[in-house]
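Visitor: Let's have the full structure, built from the sequences with the hints guiding it.
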Amino acid sequence: MLDLIEPALFAVLTIAIVAAGAGVVLANRITTSALLMAFTFLNIAGMFVLLGAETVAMFQVLIYVGAITVLILYGVMFTPQSPRPYGLFFQTQKYWAALLVVPIAIIVALIAFSFRDSATVGAKGGDLLPLATSVFRDFAFPFEVASVLLLAAMVGAIVLVKRDED
Amino acid sequence: MAVPLGAFIAVSAVLFFIGTAGVLVRRNAVVILMSVELMLNATNLALVAFSRRYSSIDERGSVFVVFIFVVAAAEVAVGLAIVLSAYRNKPTVDVDEIRQLKG
Amino acid sequence: MIQNVWLIPAFPLAAFLIDGLFGRRWLHKWTGVIASAAVGLSALIAIGVFLEVLGGQTRTTVTLYEWIGVGDFHINVAALVDPLSSVMLLVVTVVSFLIFVYSNGYMEHDHGFHRFFTWLSLFVFAMLILVMADNYLLMFVGWEGVGLCSYLLIGFWFERPEPYVAAKKAFVMNRIGDWGYTIGMITTFLVFGSVQFTDVFEHVGIATQANLTLICIAFFFGATGKSAQLPLYSWLPDAMEGPTPVSALIHAATMVTAGVYLVARSMPLFAAAGPSLAVVGVVGAVTAIFAATIALVQFDIKRVMAYSTVSQLGYMFLALGVGAPVAAIFHLATHAFFKALLFLGSGSVIHGLGGEQDMRKMGGLRRKLPVTYWTMLLAGGALAALPPLAGFWSKDEIVAAAFLGGYPVLWAVAILTAVLTAFYVTRAMWLTFHGEPRDHHLYEHAHESPAVMTLPLVALAAGTVVLGIAIGFPPETGFIHRFLGPVAQVEGIAEHAPEAATILVLAAISVAAGVLGILAGLSMYVRHRPDPAAVSRAAGPFYRLLVNKYFVDELYDRRIVDALHAAFGAMWAFDVHVIDGLANRLGWLAAAGGSSLRRAQTGIVGNYALTIVAGLLLVLVVYGGYAAGFFTR
Amino acid sequence: MPLGPFGIDPVIWAPLRLVIAVLLVVGLVFNGALAQIYLERKIQAIIQDRLGPLHTGPWGLLQTFADAIKLLGKEDIRARLTDKWFFLAAPSIVFSPMLASYVVIPFAPGIVGADLNVGLLYMTTLGSMTVLGIVIAGWASNNKYSLIGGLRSAGQLISYEVPQILSLVTVVLVVGTLSMVGIAESQPGWQLNVLVLPLAFVTYFIAGLAETNRAPFDLPEAESELVAGFLTEYSGMRWAIFFLAEYGEVTVVSSIVTTLWFGAWHGPFVEVFPLIGVLWFTLKTYLFVLVFMWIRATLPRLRIDQLMSLCWKVLIPLTLTNLVITATLLLVFPSTVVPVAIANWLLLAAFVVLLPYVQRRRLVALRERLRTAA
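Chains as they are written, first to last, in my numbering: chain V, 1 to 166; chain P, 167 to 269; chain X, 270 to 902; chain A, 903 to 1276.
Worth flagging that the hints you see were computed from the coordinates, not collected in a lab.
Keep in mind that a hint or two might mislead.
[Stated by the list, open to error] Label-pair distances were calculated between CB atoms; the ranges are:
#, chain 1, residue 1, chain 2, residue 2, range
1, P, Y220, A, Q1208, 45 to 55 Å
2, X, P639, A, V1266, 49 to 59 Å
3, X, H834, V, V145, 24 to 34 Å
4, A, G1078, P, Y220, 29 to 39 Å
5, A, V1260, X, V441, 51 to 61 Å
6, X, G884, V, V145, 24 to 34 Å
7, V, V145, A, R1269, 35 to 45 Å
8, X, G872, A, P1236, 51 to 61 Å
[To be verified] On the chain V side, residues computed to face chain A include the following (Cβ under 7 Å):
#, residue
9, M58
10, L62
11, V65
12, L73
13, L128
14, D138
[Unchecked claim] Straight-line Cα separation of at most 30 Å, BS3-like style, residue types lysine-lysine; simulated pairs:
#, chain 1, residue 1, chain 2, residue 2
15, X, K437, X, K298
16, A, K986, A, K1046
17, A, K976, A, K986
18, A, K1046, A, K976
19, A, K1215, V, K162
20, A, K1046, A, K972
21, V, K94, P, K256
22, X, K630, X, K438
23, V, K162, P, K256
24, A, K1046, P, K256
25, A, K1046, V, K162
26, X, K818, X, K630
27, A, K944, A, K972
28, A, K986, A, K972
29, A, K944, A, K976
Idealized CB from N, CA, C, for every residue including glycine.
Guide: Spelled out as structure tokens, the structure:
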């Protein structure tokens, strides 16, 4: 019975992710979209835990839920819009989009099942040490470059939003 | 009984294309940003799954997740800044109406 | 000490950076102090280096780092420290230091004070690089650097039109000369595969006579540009529009001697290429007498000095040409002192008169400016080659070398020039300091300069008095000869072994020439017999020719500049119609293509994203096709 | 079939254990909050030379119970223009992360919900989730004071997370583990981390004050300017949940301080009776809760710009410097923490001595600028 806990959790998380993700796209209120997005992020963090990557899961929550969602909520609150008829809700190209995206999604999802777990990977330990080793030893330079990217993005965002005369 | 790797990848693929669909069909620029975040998250999921289950050598896949965090944060900051400054010029976040740059 | 030779240019560079970055906002008057102190430190180190070279370190190469390394071609940023460069380092730093100190007083009330010292420091840095370089390319860096600083400093008072026109002229003429230098350097590289002095000089033998001559003539052409020789001399008199310390430092003591230094440095090349030395000597002699005649009739005190400088530089080239590089460098050193002194003295007079430069408005100033008068009198004596002042020893060696080397014509020209030199010096001194004041208003307000200006004058005067006898006695075998021996010991140049009697006779003749010139000047200006005005009337057309400087500037304008204008017009037409036309057609093609593709750009972001997804679908289909084997059969 | 503790089947034990733990923690938080409210009122009263709650029960002990019953009994009011689901969800979003953080707190040897190897990171993560609830509460209230309060709070929390995490990282660098139990075990006896990293402790404590919206950083609920911030529209039990969350957060921050810097459960007799660790832990934690109250009663509230400049111009540079110095010293002297301790004490001294001086200089400059502008 304990063996079923993991698939059961996986099923719950999958349903939550797909439903909430679809909700983000379909919800007619933007705040709902934002909250559902945060919910999707949380569930993905759950997936990470299921995969045994709890450090990444923590960072996922810290960054996506704690920072990015709040940032997007800020964006939502600073750009209020009057309600609009549902006909104007989607872009005019929605049928084309559906026609293209659905087959691709099906193809890719089917291809995805062709990946098999590697035989040698047994029960790995936590991912804290491997992650730290990779980031600070093997990928130290790209990591620094990424931090410069972040700094540049921050400066760029400030410059873009700053009003001219104050 | 462990969940097979393919299942994780499939979930990731489905979420990715949900995000794609969001980018393609929604008019609201903020929602488009959210959809992009969904796509990035789907990528994260695939990367972590591969890194934990597929590679028999090490777990470097997770490092790319860290880089995607960085990129996502940068993307959302700059994206929102652009949306905000566009909103200041013309009070709309509808991407169909922001088309002054057309050729 | 020699290993730290890089400190010598480092100090002026640091001063340049400090003054340039912080001078305008924070340092103000301190810029002068900083720059002077930096150059003073350089001078101290230069003395140390000189003493070490004296102690036997006759040839050291100090490499700082590799600058260019491409295949077999290696150029280092390296200093070559030998007697020649150590003497030059000493002269440059010491004279610079004195002039820097002087400038603190002279430029005191100028609003560009910090700018002045910034450029001046940069100049000293570039000059030191030029002198220290161990290869032609690094030397060229300094060469161009001093040219740039000369341009900046001549045009220092750019608010007025004359200075910047003069600056432009100087720059363009230097560029023409640099063209020669560049050709020389490239040819050197092609012939020898290296531009390093030691490499080149050791392998002189591998080059053909024609190649060597080409290299030497090209380098000498470069030298004429920098050292204001015929035909590229006419920028130097115009350069007097710059501040007087600049004239003293750049256009008398240091930069203009770069050409002399270049030829002296390249002596092994010149010696191996026989005809080119003759060219150097003839050009030098012609320039000497040519400039001296113009100096006879100028009324601007600084222009007299400028033409005098051209003339004296001609002497140096004459010396090089007759195979006496030691005499040339000796004269370079003494000239640096007494001509800097003359310029600074003129500056002191100009300063005392509130900016007046016309000698016709001066007169009788010896009572008002005693220090300036006495120091300038010494310098004038040195210029007129009166014993025992410095100019006598060095100039006498040149004249003697010309005679002993078997060039009697050049010797005669040199003697004649000496007479003219003595005459115009006497004239300038008399008009400025003696006689009755001709402009009483100016005279009333004239005043002696402050100590910060007069002390350098005194120091330079001391140098003028003792330098010649200290290192030039006894003639032909003095200290300078022993020290600079390695420079002179070049194949093809025979060290003369003159007899004492010959030397005495030659010296007597040149002293007599000087005295003759002085007496002629005195009789004309003190006793008015013959009256100068009458002489100028009698000379008529010749006098006009001199006053108008042989119409050289007009000749250049009419012949060369106009011809260039015509050629450029033709090129411009070609550019507009053919090249631009081609580019425009291509641009039109791209524009037409672009505007036809423009319709695809709807401006709706979603559409673009959709095309990306369509592309993804295409990739997947193709990939699937390959996987299924549709395309492989 | 393996047997779990107490002879119970592990399949049943796992959820049972969860239920027990949740019940325990909820009880802990509720009772802790009641006790803290009583303490707060009494201490404020003592500092302000008053008597405080007096009449209900002996020494007014039952006053908070009465208040709690009153709040529970109140009508659940929701204004019509509020955003229904968000309005209802916001208190839970604030409350549940706080509750979840108790999982990793090491009360005593062996008494811990789960010894995660990323425990500290887990706590930080949960702390950052609170922001979401506050922003949503502000937005859902459809009230400008609420909205501004919520956004201010979000800005404050996100800003102060940076020095907070940087302070924690210095400790992690010294200790070498993220596990709360591991950190607790690393400081037996008198080898408290506070002796090594006093500056990190001070900066963390300041940032913790801001993270819990406590005075002098209680901007989001600044009554004088924003009515009650994001709480304006809330009343009754939902309001109470926000307050429970706040007191819970205070306890969590105090627990982190206790664990990271003051040796967690370590104290006399712990080796003999492990359970006595709970007592030591609680005593230490409540000591810091008292400090929180003391500060609230003493210091005036900061202005929003002062708050932000304190964070970005003082705390973040300070913690960054501290982090870099600590990391460097640990690399240079891998076997001893004495240099780190010396550097940290020196930095702390410099901070304490120089801060008033720098502030005065800035004030003078500001006045000068205002005068010239006027």
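Visitor: Each of the hints needs a verdict: does it hold here or not?
Guide: Evaluation of the provided hints:
no.: 1; hint: P/Y220 <-> A/Q1208: 45 to 55 Å; in the structure: holds, 52 Å
no.: 2; hint: X/P639 <-> A/V1266: 49 to 59 Å; in the structure: holds, 56 Å
no.: 3; hint: X/H834 <-> V/V145: 24 to 34 Å; in the structure: violated, 54 Å
no.: 4; hint: A/G1078 <-> P/Y220: 29 to 39 Å; in the structure: holds, 31 Å
no.: 5; hint: A/V1260 <-> X/V441: 51 to 61 Å; in the structure: holds, 57 Å
no.: 6; hint: X/G884 <-> V/V145: 24 to 34 Å; in the structure: holds, 28 Å
no.: 7; hint: V/V145 <-> A/R1269: 35 to 45 Å; in the structure: holds, 44 Å
no.: 8; hint: X/G872 <-> A/P1236: 51 to 61 Å; in the structure: holds, 60 Å
no.: 9; hint: M58; in the structure: holds, 5 Å
no.: 10; hint: L62; in the structure: holds, 5 Å
no.: 11; hint: V65; in the structure: holds, 6 Å
no.: 12; hint: L73; in the structure: holds, 5 Å
no.: 13; hint: L128; in the structure: holds, 6 Å
no.: 14; hint: D138; in the structure: violated, 18 Å
no.: 15; hint: X/K437 <-> X/K298; in the structure: holds, 29 Å
no.: 16; hint: A/K986 <-> A/K1046; in the structure: holds, 17 Å
no.: 17; hint: A/K976 <-> A/K986; in the structure: holds, 19 Å
no.: 18; hint: A/K1046 <-> A/K976; in the structure: holds, 25 Å
no.: 19; hint: A/K1215 <-> V/K162; in the structure: holds, 20 Å
no.: 20; hint: A/K1046 <-> A/K972; in the structure: holds, 28 Å
no.: 21; hint: V/K94 <-> P/K256; in the structure: holds, 25 Å
no.: 22; hint: X/K630 <-> X/K438; in the structure: holds, 29 Å
no.: 23; hint: V/K162 <-> P/K256; in the structure: holds, 16 Å
no.: 24; hint: A/K1046 <-> P/K256; in the structure: holds, 23 Å
no.: 25; hint: A/K1046 <-> V/K162; in the structure: holds, 23 Å
no.: 26; hint: X/K818 <-> X/K630; in the structure: holds, 22 Å
no.: 27; hint: A/K944 <-> A/K972; in the structure: holds, 20 Å
no.: 28; hint: A/K986 <-> A/K972; in the structure: holds, 24 Å
no.: 29; hint: A/K944 <-> A/K976; in the structure: holds, 25 Å
In this structure, the hints that do not hold are numbers 3 and 14, in rising order.
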